[in-house]
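Chemist: Place chains P and L on chain H using the hints.
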Amino acid sequence: MHTRSNNDKAIYRKTITDRIFWSVIAVGAVIASLIMVLIVIFLVVESYDFIDRVGVLHFVTDDGWWPLDQLYNLTPMLVASLGVSFGALAIASPLAIIFSVYCVFYNKGWWQGFFERIVDVTAAIPTVIYGFWGLMVVVPIMNKFTSHGVNLFSGMLVLAMMIFPTIAMLTTSALKSVPFNQIQGATALGVRRSSLIKKIALPHAKPGIVMAMILGITRAIGETMVVLMLCGNVVQFPSSLFDPTRTLTANIALEMPYAMGDHRSSLFVTGLMVLIVVSILVIISEVYANRKRTMNH
Amino acid sequence: MSTTTFAHNTKKHNANDWLATTVIYIFSALVLIALALPIGEIIINGYDKLSFDFITQLPEDSGRSGGISSILASTALIVLIAMITATPLALCTAIMLTEYLPEHSLRSSIIRGSLDVLAGVPSVVFGLFGLAFFCQTLELGYSILAGGLTLSCMILPTLSRSITSALHTVGDEYRISGAALCLSRLSTLWHVTLPVVLPGIAVSVLLGLTRAIAETALLLFTSGYSDKMPSSITDSGRSISVHIYELATNVPGGQQSAYGSALVLLLSLLLLSVLLHLTTHKLQRRMIRG
Amino acid sequence: MVDNKQCPVSDFEISGIELEASLPNQYASIAEPCSEDCDTKFTIEEDCSSCKPEQYCCIEINNICINFGKAKIIEDVSLKIYRNAVTAIIGPSGCGKSSFLCGINKLTDLFPNCQVNGSVKFEWDHSIYTQKASLLRRHVGMLFQKPNPFPFSIRKNLEFPLREHGISDPYEISVKVEKALSDVGLWDEVKDRVDESALSLSGGQQQRLCLARALILEPSVLLMDEPCSALDPMATKKIEGLIQELSKKMTVILVTHNLSQAKRVADHVALFWKTDNIGRLIEYGSVDDFFGQPKHELTKTYLEFG
Numbered sequence: 001m002h003t004r005s006n007n008d009k010a011i012y013r014k015t016i017t018d019r020i021f022w023s024v025i026a027v028g029a030v031i032a033s034l035i036m037v038l039i040v041i042f043l044v045v046e047s048y049d050f051i052d053r054v055g056v057l058h059f060v061t062d063d064g065w066w067p068l069d070q071l072y073n074l075t076p077m078l079v080a081s082l083g084v085s086f087g088a089l090a091i092a093s094p095l096a097i098i099f100s101v102y103c104v105f106y107n108k109g110w111w112q113g114f115f116e117r118i119v120d121v122t123a124a125i126p127t128v129i130y131g132f133w134g135l136m137v138v139v140p141i142m143n144k145f146t147s148h149g150v151n152l153f154s155g156m157l158v159l160a161m162m163i164f165p166t167i168a169m170l171t172t173s174a175l176k177s178v179p180f181n182q183i184q185g186a187t188a189l190g191v192r193r194s195s196l197i198k199k200i201a202l203p204h205a206k207p208g209i210v211m212a213m214i215l216g217i218t219r220a221i222g223e224t225m226v227v228l229m230l231c232g233n234v235v236q237f238p239s240s241l242f243d244p245t246r247t248l249t250a251n252i253a254l255e256m257p258y259a260m261g262d263h264r265s266s267l268f269v270t271g272l273m274v275l276i277v278v279s280i281l282v283i284i285s286e287v288y289a290n291r292k293r294t295m296n297h
Numbered sequence: 001m002s003t004t005t006f007a008h009n010t011k012k013h014n015a016n017d018w019l020a021t022t023v024i025y026i027f028s029a030l031v032l033i034a035l036a037l038p039i040g041e042i043i044i045n046g047y048d049k050l051s052f053d054f055i056t057q058l059p060e061d062s063g064r065s066g067g068i069s070s071i072l073a074s075t076a077l078i079v080l081i082a083m084i085t086a087t088p089l090a091l092c093t094a095i096m097l098t099e100y101l102p103e104h105s106l107r108s109s110i111i112r113g114s115l116d117v118l119a120g121v122p123s124v125v126f127g128l129f130g131l132a133f134f135c136q137t138l139e140l141g142y143s144i145l146a147g148g149l150t151l152s153c154m155i156l157p158t159l160s161r162s163i164t165s166a167l168h169t170v171g172d173e174y175r176i177s178g179a180a181l182c183l184s185r186l187s188t189l190w191h192v193t194l195p196v197v198l199p200g201i202a203v204s205v206l207l208g209l210t211r212a213i214a215e216t217a218l219l220l221f222t223s224g225y226s227d228k229m230p231s232s233i234t235d236s237g238r239s240i241s242v243h244i245y246e247l248a249t250n251v252p253g254g255q256q257s258a259y260g261s262a263l264v265l266l267l268s269l270l271l272l273s274v275l276l277h278l279t280t281h282k283l284q285r286r287m288i289r290g
Numbered sequence: 001m002v003d004n005k006q007c008p009v010s011d012f013e014i015s016g017i018e019l020e021a022s023l024p025n026q027y028a029s030i031a032e033p034c035s036e037d038c039d040t041k042f043t044i045e046e047d048c049s050s051c052k053p054e055q056y057c058c059i060e061i062n063n064i065c066i067n068f069g070k071a072k073i074i075e076d077v078s079l080k081i082y083r084n085a086v087t088a089i090i091g092p093s094g095c096g097k098s099s100f101l102c103g104i105n106k107l108t109d110l111f112p113n114c115q116v117n118g119s120v121k122f123e124w125d126h127s128i129y130t131q132k133a134s135l136l137r138r139h140v141g142m143l144f145q146k147p148n149p150f151p152f153s154i155r156k157n158l159e160f161p162l163r164e165h166g167i168s169d170p171y172e173i174s175v176k177v178e179k180a181l182s183d184v185g186l187w188d189e190v191k192d193r194v195d196e197s198a199l200s201l202s203g204g205q206q207q208r209l210c211l212a213r214a215l216i217l218e219p220s221v222l223l224m225d226e227p228c229s230a231l232d233p234m235a236t237k238k239i240e241g242l243i244q245e246l247s248k249k250m251t252v253i254l255v256t257h258n259l260s261q262a263k264r265v266a267d268h269v270a271l272f273w274k275t276d277n278i279g280r281l282i283e284y285g286s287v288d289d290f291f292g293q294p295k296h297e298l299t300k301t302y303l304e305f306g
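Chains as they are written, first to last, in the UniProt record's numbering: chain H, 1 to 297; chain P, 1 to 290; chain L, 1 to 306.
This is chain H alone, in the form it adopts within the complex (with noise of 0.2 Å):
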């Protein structure tokens, strides 16, 4: 592409037509990028007042969150959150890595392609109805050995099964584009299969593996449906796996629909938390793909 530059312009022919056209396309693509503007622009105009008025440290020292009696702590639910979606990657990374290693490297036979097509249909199952499963049959189990059925773990549970095809299917692509000529050189030298993956395959994939987590914990802290359904939704700072809690996104999705005043601008605030741990992930992910770049060159 990059054989076409400013000076290339001329090449084609202009008509009226042609200048019409490209001021649509230009318009379309204005508001397109326009939105995100827009989205930051709408969280801070409704937060910010209140942030003004407040004080930020309100939403760190309060007592707990009684968003009705003026008390806005939202440090339990980001620990929750944190918490949550850092257990669902623990849980689900090392089977994906797992999993995708068979794949690329164990799985033959008619179901070649099958299993990771599996995974593709997974990975467009909605939320919704996982958190529906988990309700029906992960909380039931649960309840047989605590109290509290719905809790932290289930949805760490869930939410692990959720994440899980994102994960692997990146890491399935990264493992693929490990060069061929290596796996020749080791397999020559009669290397075992197992000892290819470890010295050779994996450190090789790393760098993949390392984005696909990053983006894993990316949508499992984005996540709503999941965390509200199964979480239990308490606001406090779980003291065991097994405690019931409420993340920063389920607060959002629980008490939106009703919230008015001061504590529907305290949502927002929360809204614009989930932005800013998400954006901190994000720019995270860019900077360790732009060293790898750079190492790599």
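These are computed hints drawn from the structure, not numbers from a lab.
Because the structure is a prediction, the values reported are computed rather than measured.
Ideal Cβ positions, reconstructed from N, Cα and C, are used throughout, including at glycine.
Worth double-checking, as some hints may not be accurate.
Claimed, not checked - So the derived list for chain P, only partly shown, Cβ under 10 Å to chain H, looks like this: (1) M83; (2) A86; (3) L91; (4) L156; (5) R211; (6) I244; (7) P252; (8) L266.
What the hints assert, rightly or not - Calculated lysine-lysine pairs in the DSSO-like style (CA-CA distance at most 30 Å, straight line): (9) H:K176 x H:K198; (10) L:K156 x H:K292; (11) L:K191 x H:K198; (12) L:K72 x L:K295; (13) H:K176 x L:K156; (14) L:K146 x H:K206; (15) L:K80 x L:K70.
To be verified - In silico negatives: residues of chain H with every beta carbon more than 12 Å from chain L: (16) I16; (17) N233; (18) L254.
Modeler: Chains P and L alone, transformed into the frame defined by chain H:
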């Protein structure tokens, strides 16, 4: 001489290899079972509920009995609005990025960067935005239109990214040969580029459709909860995923209907997935032949 | 010893899977673990340094056929490779020379849709070909067209195959590493930076490192797939010298496009040709006979071009 002097024990290595193989096989089997569980559960429990009546009748008793016809109609309207508004915008962005702007110019990085950030925004934040902008600032209220428009913002990055990459697959030779024939950029695009990438655009639209149908959180507070048959797009309407959420959490005894609705949702997604697969195949065949 | 019966070797990890479906899983059939102890010690009874190499057949290849899915790559190739000699395989592009070479150390397993039929017998163990791929590949080293060092340090590149084959004593490893690097003339060039990345070496050095990596396992047979085609003339000369040096101790099979190279280093030459889209062996003889009095018409034509 060609005498080999290796006399070392490699038993340990073989044992490691066996162990690795066994672990990989066992865990992969477990994962496959886990992936199949939700689908299996929904199919087994939803199968009884699924019938012609279920699809064509109105919900009764908060959805515990009756069908989901109004829900399906609302869903279709929401998704239709989202696609109708998002597809042209995405197409414009993609054409702008591939045809007009040089790859590394400031303007193209701004558009690209903004879409990349947009793709990472969680859907619940889109919901907040939709509520503040479409429902309140534009005074659309809790309506199918507001929900559809918010949804279109959410699928826009997905759509424009995949349309852009579809347009990128067309080599510069096409464009240069178009210019060489003294065609305008528009006619090159219309007669040369677009016919080639049409299947690619179809795939992108199907992909966006899949995401739109699956979305729930954002519709919770933009399109409303009403399970009545919508008479216009300014009415409140409940999408099928919101319906499942309502039945599962707020309606005691609604599980059977929830299973049925979940199965309908899964089946439609499966249908889309098959369509997607077929289109991609057709695309590949065409690329090979062409 | 001669067994003309076509023996299918397909039970070892070669399955006829469809071409289209195979792409995602091209690595599915890399050596599976062998259940037995891969620890056999091979000795060759007689000392034959005084004998003429022609009398000792190292590898006997009978009616080997290689198919990729439904496409036949080579058909019915039978030849004897002589011990401690250089056998050059020449022929036009696409005539299956490289596939033939990969057939010898079962590297064809990397392509799940590739099937090898026929028998390959090594003088020291007649059944090794059908049984233990990882053991076979320890004894049959291979050098590729493009240098492919692993992205580790120079030392680790050489340690990796040793550890993989059960040698973990640090002293033994360091002795072997030094010997292998000296054998390929790389020791003096890199002895101060063996812990630097192998990718920092030049192309010719990388190729010699790959050779050292193959030699460190002390193979009896060395397969070379156009080892000089990516190198400059100086590096080529070094590698050619090494080939002749090596052929005193081991059997070398060399695939090359370069007729003069074959003339310079080889003791025996085989010409492969593609007829009806299938690669076949056309002529095989000692280097003097082959270049001096070629028997086949195709050979004569081919030599004229060279």
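Chemist: Run the structure past the numbered hints and jot down the numbers of the failing ones, going up.
Modeler: Hints 1, 7 are the ones this structure does not satisfy, whereas the remaining hints hold.
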